[in-house]
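First to last, the sequence lines map onto chains Z, W, L and S. Position one of the first sequence corresponds to residue 100 (the numbering used here), numbered consecutively onward. Position one of the second sequence corresponds to residue 100 (the numbering used here), numbered consecutively onward. Position one of the third sequence corresponds to residue 100 (the numbering used here), numbered consecutively onward. Position one of the fourth sequence corresponds to residue 100 (the numbering used here), numbered consecutively onward.
It is worth saying that the hints were derived from the structure and are not from the lab. Keep in mind that the hints are not guaranteed to be accurate.
The list treats identical chains as interchangeable, and a pair is accepted whether it falls inside one copy or across any two copies.
Said to hold, decoys possible - Listed below are the simulated SDA-like cross-link pairs for lysine to any residue, each with C-alpha atoms no more than 20 Å apart in a straight line:
| hint | residue 1 | residue 2 |
| --- | --- | --- |
| 1 | K226 | W349 |
| 2 | K144 | E157 |
| 3 | K471 | F442 |
| 4 | K313 | G440 |
| 5 | K399 | S368 |
| 6 | K315 | V474 |
| 7 | K460 | G409 |
| 8 | K220 | R250 |
There are 4 protein chains.
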Amino acid sequence: MSRTLTYGMVGGGPGAFIGEAHRKAIALDGSARLAAGCFSRSPEKTRALGEELGLDPERCYADYREMARAEAQREDGIDFVVVVTPNVTHYEICKAFLEAGIHVSCDKPLATDSAQGEELKQLAQEKGLLFMVTYTYTGHVTAKYIRDLIRAGEIGAVRTVMAEYPQGWLYSEDDCGGKQGAWRCDPAQSGRVNCLGDIGTHVENAVATMTGLKIKRLLAKMDVVVPGRKLDDNDQVLVEYEGGATGINWSCQFAIGCDNSLRLRIYGSKGTILWDQERCEEITLIREDGAARTIKRGYKAVTPAAAKYGRLPAGHTEGWLEAMGNLYDSFTQCVAAKQAGTFTEDMIDYPTIDAGIQGLKYVEACLESNEKGNVWVTL
Amino acid sequence: MSRTLTYGMVGGGPGAFIGEAHRKAIALDGSARLAAGCFSRSPEKTRALGEELGLDPERCYADYREMARAEAQREDGIDFVVVVTPNVTHYEICKAFLEAGIHVSCDKPLATDSAQGEELKQLAQEKGLLFMVTYTYTGHVTAKYIRDLIRAGEIGAVRTVMAEYPQGWLYSEDDCGGKQGAWRCDPAQSGRVNCLGDIGTHVENAVATMTGLKIKRLLAKMDVVVPGRKLDDNDQVLVEYEGGATGINWSCQFAIGCDNSLRLRIYGSKGTILWDQERCEEITLIREDGAARTIKRGYKAVTPAAAKYGRLPAGHTEGWLEAMGNLYDSFTQCVAAKQAGTFTEDMIDYPTIDAGIQGLKYVEACLESNEKGNVWVTL
Amino acid sequence: MSRTLTYGMVGGGPGAFIGEAHRKAIALDGSARLAAGCFSRSPEKTRALGEELGLDPERCYADYREMARAEAQREDGIDFVVVVTPNVTHYEICKAFLEAGIHVSCDKPLATDSAQGEELKQLAQEKGLLFMVTYTYTGHVTAKYIRDLIRAGEIGAVRTVMAEYPQGWLYSEDDCGGKQGAWRCDPAQSGRVNCLGDIGTHVENAVATMTGLKIKRLLAKMDVVVPGRKLDDNDQVLVEYEGGATGINWSCQFAIGCDNSLRLRIYGSKGTILWDQERCEEITLIREDGAARTIKRGYKAVTPAAAKYGRLPAGHTEGWLEAMGNLYDSFTQCVAAKQAGTFTEDMIDYPTIDAGIQGLKYVEACLESNEKGNVWVTL
Amino acid sequence: MSRTLTYGMVGGGPGAFIGEAHRKAIALDGSARLAAGCFSRSPEKTRALGEELGLDPERCYADYREMARAEAQREDGIDFVVVVTPNVTHYEICKAFLEAGIHVSCDKPLATDSAQGEELKQLAQEKGLLFMVTYTYTGHVTAKYIRDLIRAGEIGAVRTVMAEYPQGWLYSEDDCGGKQGAWRCDPAQSGRVNCLGDIGTHVENAVATMTGLKIKRLLAKMDVVVPGRKLDDNDQVLVEYEGGATGINWSCQFAIGCDNSLRLRIYGSKGTILWDQERCEEITLIREDGAARTIKRGYKAVTPAAAKYGRLPAGHTEGWLEAMGNLYDSFTQCVAAKQAGTFTEDMIDYPTIDAGIQGLKYVEACLESNEKGNVWVTL
């Protein structure tokens with residue numbers, strides 16, 4: 100690659116976990132260099148962080164719209180923007196950068212409803228721009244390996260998928276978990292959904308990405324359990340997939356002892372695959388003999404399309420930042436290829452805006468099912 | 100105890116897994132001695148097995164009704180009967196022995212519907228007889244320990260219970276799993292239900308026994324998945340308990356790699372308890388600090404009411420037969436106390452006919468929910 | 100089999116863990132019936148326990164020598180004796196029964212030195228009697244399966260064996276662990292060795308039985324660690340086997356958190372086998388691809404010579420008593436075959452007196468090595 | 100910090116695993132910026148990689164001595180050098196940079212013998228320079244947490260430490276593991292030692308760092324096991340620490356199924372700590388009640404001095420690169436403080452040259468013990 104790409108960030112100010120995580124994930128492989136930012140609503144904070152991060156003060160913007168405009172006009176303007184602001188602002192910000200002709204990487208959820216998502220998709224298509232939605236977990240080498248195993252028919256036809264993502268950090272009625280928790284418990288900031296939007300959509304995306312299954316219809320029960328909560332904190336979703344497979348998606352925020360326990364158990368006609376993102380370095384593959392095989396990232400068995408993302412030999416553990424980094428590895432390669440005129444669709448190995456829209460439709464269908472008394476809703 | 104109790108067995112002929120298991124579980128602690136039997140529909144097989152087991156040939160019966168009558172009249176007649184025949188015959192056999200005034204231990208399911216169960220209960224009450232339904236898994240020391248922890252409020256109020264019992268042995272469409280599998284796949288022998296009755300009721304019983312929760316209503320999806328099956332082999336049940344807790348009960352017979360994976364995850368307002376019957380020697384207890392504590396049978400932390408059933412020091416593993424043996428330890432103590440006139444209700448530490456009836460009502464409610472299109476059914 | 104064998108027991112009085120365990124293990128499969136006993140030095144205690152166990156009072160003996168004589172003369176005399184007394188008495192008691200022509204099952208250690216062991220072996224051979232030393236752990240189905248895998252060359256040539264047996268129950272300097280602990284810490288009762296004789300010999304036996312390796316020489320470090328102890332409570336043994344393999348055997352009694360953690364890791368030129376007796380229902384087999392396969396008792400992969408001892412399907416856990424029961428299953432079959440004149444050496448599938456002698460020689464060599472300053476001692 | 104530090108690298112050319120790992124670990128947190136390099140013996144390769152990494156061509160050096168001289172003279176010269184060349188060259192390269200007045204981070208082993216190490220230490224002291232030896236594994240947050248727990252007396256006095264580092268990648272006699280393996284098996288490149296120097300020293304360092312124990316004497320058995328090998332590939336070391344604790348250190352390169360299995364089990368008078376670097380996100384802490392507590396990075400229980408290195412919430416896994424990054428976080432802070440004149444010794448939270456020298460002495464003592472027939476050697 101002749102030159103390192105540059106990117107800008109909207110959001111990710113001091114103390115914002117996810118913004119710093121994106122920066123670290125990109126830095127890890129040096130796949131792009133931060134060159135501009137609008138990190139905070141406070142211009143002072145933006146400037147201070149920009150200085151700390153070595154940015155040209157000129158490219159520390161008080162306003163994201165100004166940033167979009169200015170960067171689009173610069174000869175050395177950013178190649179893509181990373182949007183890591185609170186959820187309700189994603190749509191407007193992404194729109195501004197797309198209109199300015201800048202590729203977008205947006206944290207999930209993409210927007211507050213699927214109509215917004217479709218509009219962004221339309222806009223990206225018109226402008227010929229790439230759009231990544233950072234569902235981090237499918238970036239794990241093992242997640243890609245599972246996708247390849249299932250595509251290759253290694254466990255036969257998928258029959259049922261037990262998928263879940265329990266967390267425990269919001270178990271207490273005393274608080275809503277500090278800064279991170281507060282907005283998630285606040286309808287004004289989170290919209291109509293909390294747990295399902297925050298982590299339930301990761302479940303939906305993980306199943307879709309690894310199994311390739313498409314949801315036909317679902318029946319959701321979205322409960323507000325912890326006293327004082329206003330939005331769902333426990334979501335149970337029965338799913339029927341096209342082709343006849345079924346599944347249960349569960350997400351929860353008060354499961355004491357669970358940190359970030361996104362876990363899939365995929366049962367097929369010829370075998371089973373188990374995956375736990377907190378043990379992201381390995382998968383368990385069970386064939387008809389019943390023996391559970393633990394296969395680790397770095398082993399020869401791992402398919403080349405997955406293995407190529409590994410940085411270290413087996414046993415030298417990679418983790419969450421590496422998964423995020425893998426998304427950016429593919430995304431930046433695609434951005435560079437776009438610029439070089441060599442891009443083809445099959446190069447895409449990251450979650451696109453379609454995954455983001457699918458997540459929004461999933462939430463909308465769950466809300467409808469729940470509001471109607473837990474009835475089946477067709478997607 | 101002045102004399103060893105004696106028991107008779109109906110069912111449990113050559114090759115019948117469950118009958119032999121009951122015999123071994125009772126022999127383990129010597130809590131009763133086999134003295135009579137009607138092991139098979141074939142009198143020859145009954146006689147042959149009786150001889151092998153050292154029975155008096157006179158007490159090897161061709162017919163269970165005759166056995167009930169004859170044993171009731173003998174001065175040294177059996178103290179209780181163990182019924183381990185195919186499910187559809189339980190009701191008639193139990194009835195015959197109750198009418199003859201003999202205490203009953205019956206394998207689950209108790210009967211084919213709850214009306215039969217209620218009738219048996221009525222009969223047992225009239226006759227002043229004890230009736231155990233052998234839900235083996237709640238016999239584990241760790242299951243009793245969990246019951247005690249929850250009763251004592253150690254994890255606060257239970258909020259949600261994720262319970263499951265996947266097995267894999269009936270995954271193949273080529274066969275129905277041999278002798279054991281055949282009748283489970285055959286409506287004529289199994290009635291309207293397969294997986295849910297066979298293992299789903301263990302899930303219901305385990306949750307009820309350990310948490311003390313009572314089901315208010317449920318919504319069930321009972322699927323026939325493996326091609327060629329006629330009855331359910333994958334059951335997903337959403338549950339609402341009295342008091343507001345919720346849960347999911349899942350049972351499945353085609354989950355390759357799962358053998359006998361009855362597992363409970365109980366999330367409370369102050370902690371979490373994890374239990375896996377295949378790791379029956381330990382529980383995981385998580386308090387608000389998030390640290391997962393593995394506590395083993397044999398440790399001082401285990402409550403006396405649970406610990407008293409242990410036979411061996413921690414690390415000398417006990418298993419499934421010991422769990423069954425624990426049920427019989429309590430049951431035979433109660434039978435002996437009945438005979439000695441010292442029996443009181445609080446001595447009961449085994450699953451009674453009420454648990455059996457509850458299981459049948461659970462199945463009936465699930466069938467109704469499923470047939471009506473997965474709607475809520477109140478119990 | 101035309102009749103059930105009968106056995107007598109020396110030791111195993113009230114509160115004695117190991118005697119009751121032997122009785123339960125034998126009762127489990129009904130492979131023999133207890134018919135005589137000298138359970139305690141106190142005739143009263145023997146009589147009381149005999150009554151509880153349903154023995155003929157005549158066959159409750161005050162003295163084991165009298166028991167040996169009397170039982171040998173009875174037409175219905177016991178077929179074998181089970182010796183479960185404190186270690187220092189094993190030799191005299193076994194000798195008495197062998198001289199009376201009665202087969203012997205003796206708890207380990209066989210005797211206090213290998214010379215005694217050789218004498219007993221000589222005597223048993225002269226009398227044509229069977230002699231089992233109850234190394235329980237090699238009775239596990241999975242232990243036998245590992246033996247078969249290694250014999251079949253499944254992991255190639257064994258290169259190194261990491262074997263260990265840490266326990267934690269004697270970690271405190273405040274006590275020596277109650278009744279069980281007291282004699283183990285007392286040279287007068289235990290002889291020159293504590294930890295190594297009690298659990299270190301299980302390590303030696305487990306390695307020998309599963310791998311077939313014979314020790315060529317060893318270097319031992321036997322430490323007295325807990326303040327107040329008089330005998331070894333931590334033993335580190337470097338081992339060289341005939342044929343060039345090496346290994347480390349470690350046993351310890353103050354490893355807090357370890358209950359009964361006998362564990363083998365066997366590294367061969369083509370694969371690895373892991374075994375943990377506290378997870379006795381499974382083995383881990385790793386081939387050159389590195390994938391760790393968990394194979395459970397009850398799976399088709401298990402060799403017939405091992406699988407035949409299983410009582411329950413996979414997932415219905417068996418444990419320590421079943422392992423002990425497996426030893427008695429083979430032993431009683433051999434005793435019956437002896438009586439029927441059909442016995443052949445290849446029927447033996449239990450630890451014989453040779454294993455007992457080997458254990459004593461192992462201890463003697465370790466003591467010699469340790470006393471000489473941790474030097475190599477050839478066996 | 101007013102400006103980002105810059106560093107140079109010697110070694111780490113195309114395909115060299117460890118050099119790229121250092122670069123990624125530093126980039127992750129942006130704690131320094133690569134500004135100069137002598138990546139390969141081939142000037143072409145150095146230039147090409149320098150270009151790829153965005154270096155000024157002037158600062159891509161054909162010779163490390165020239166680099167040391169030139170960088171020392173530049174106003175914007177590198178703040179420290181990272182030495183990641185083959186082991187035998189470490190001494191000369193480190194010396195050159197120390198003489199030029201440049202701080203050094205050197206991969207382990209520091210040198211080929213401890214005399215060289217002492218000389219480098221002397222030189223660093225004279226020049227007032229910092230010197231890190233990158234024992235990566237002690238950089239894990241959990242390793243630091245264990246250090247703090249033991250210092251605080253949480254498990255009482257350490258009694259015995261079972262430490263090990265088995266790998267499997269060199270199990271085959273067919274090859275020596277490709278490029279990585281070849282030089283490790285070649286005395287000309289590796290010197291007198293292979294496995295013990297490569298991974299055995301990590302064991303020594305991990306025990307020393309986490310427990311604070313100092314080796315008094317040791318007895319080593321260094322075996323050449325795989326046919327065709329010329330240097331040790333299996334090392335068993337008995338250790339006595341000052342104060343009376345003991346331990347076993349085991350390292351192995353042919354343990355099929357082990358990837359990078361550095362593992363410590365630390366048994367104290369009041370508790371036990373278990374650590375497995377492949378599960379580096381958690382520790383197991385066992386107190387006198389025997390319950391095994393799993394505590395994860397990110398939990399409140401983790402001591403502040405350890406927790407401060409974490410980047411992500413619990414459950415968002417960090418791994419090997421983060422551990423390396425943690426070393427550089429401390430090292431670069433110390434370098435910056437040196438420049439700012441605010442440095443104090445207690446700021447050091449990385450392995451210094453003393454750790455490197457200790458590793459060399461450990462290897463030398465093991466070699467002596469082994470050559471003399473596995474006798475005790477005092478350190």
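Hints versus structure:
1. K226 with W349: Answer is neither; intra-copy 37 Å and inter-copy 47 Å both fail.
2. K144 with E157: Within one copy only: 14 Å inside, 37 Å across.
3. K471 with F442: neither (45 Å within a copy, 52 Å between copies)
4. K313 with G440: The answer is neither: 32 Å in one copy and 62 Å across copies each exceed 20 Å.
5. K399 with S368: between (25 Å within a copy, 19 Å between copies)
6. K315 with V474: Answer is both; intra-copy 14 Å and inter-copy 18 Å each pass.
7. K460 with G409: For K460 and G409, the Cα distance exceeds 20 Å both inside one copy (33 Å) and across copies (35 Å).
8. K220 with R250: Answer is neither: 27 Å inside a copy and 54 Å across each miss the 20 Å cutoff.
Checked against the numbered hints given earlier, this structure breaks hints 1, 3, 4, 7 and 8; the rest are met.
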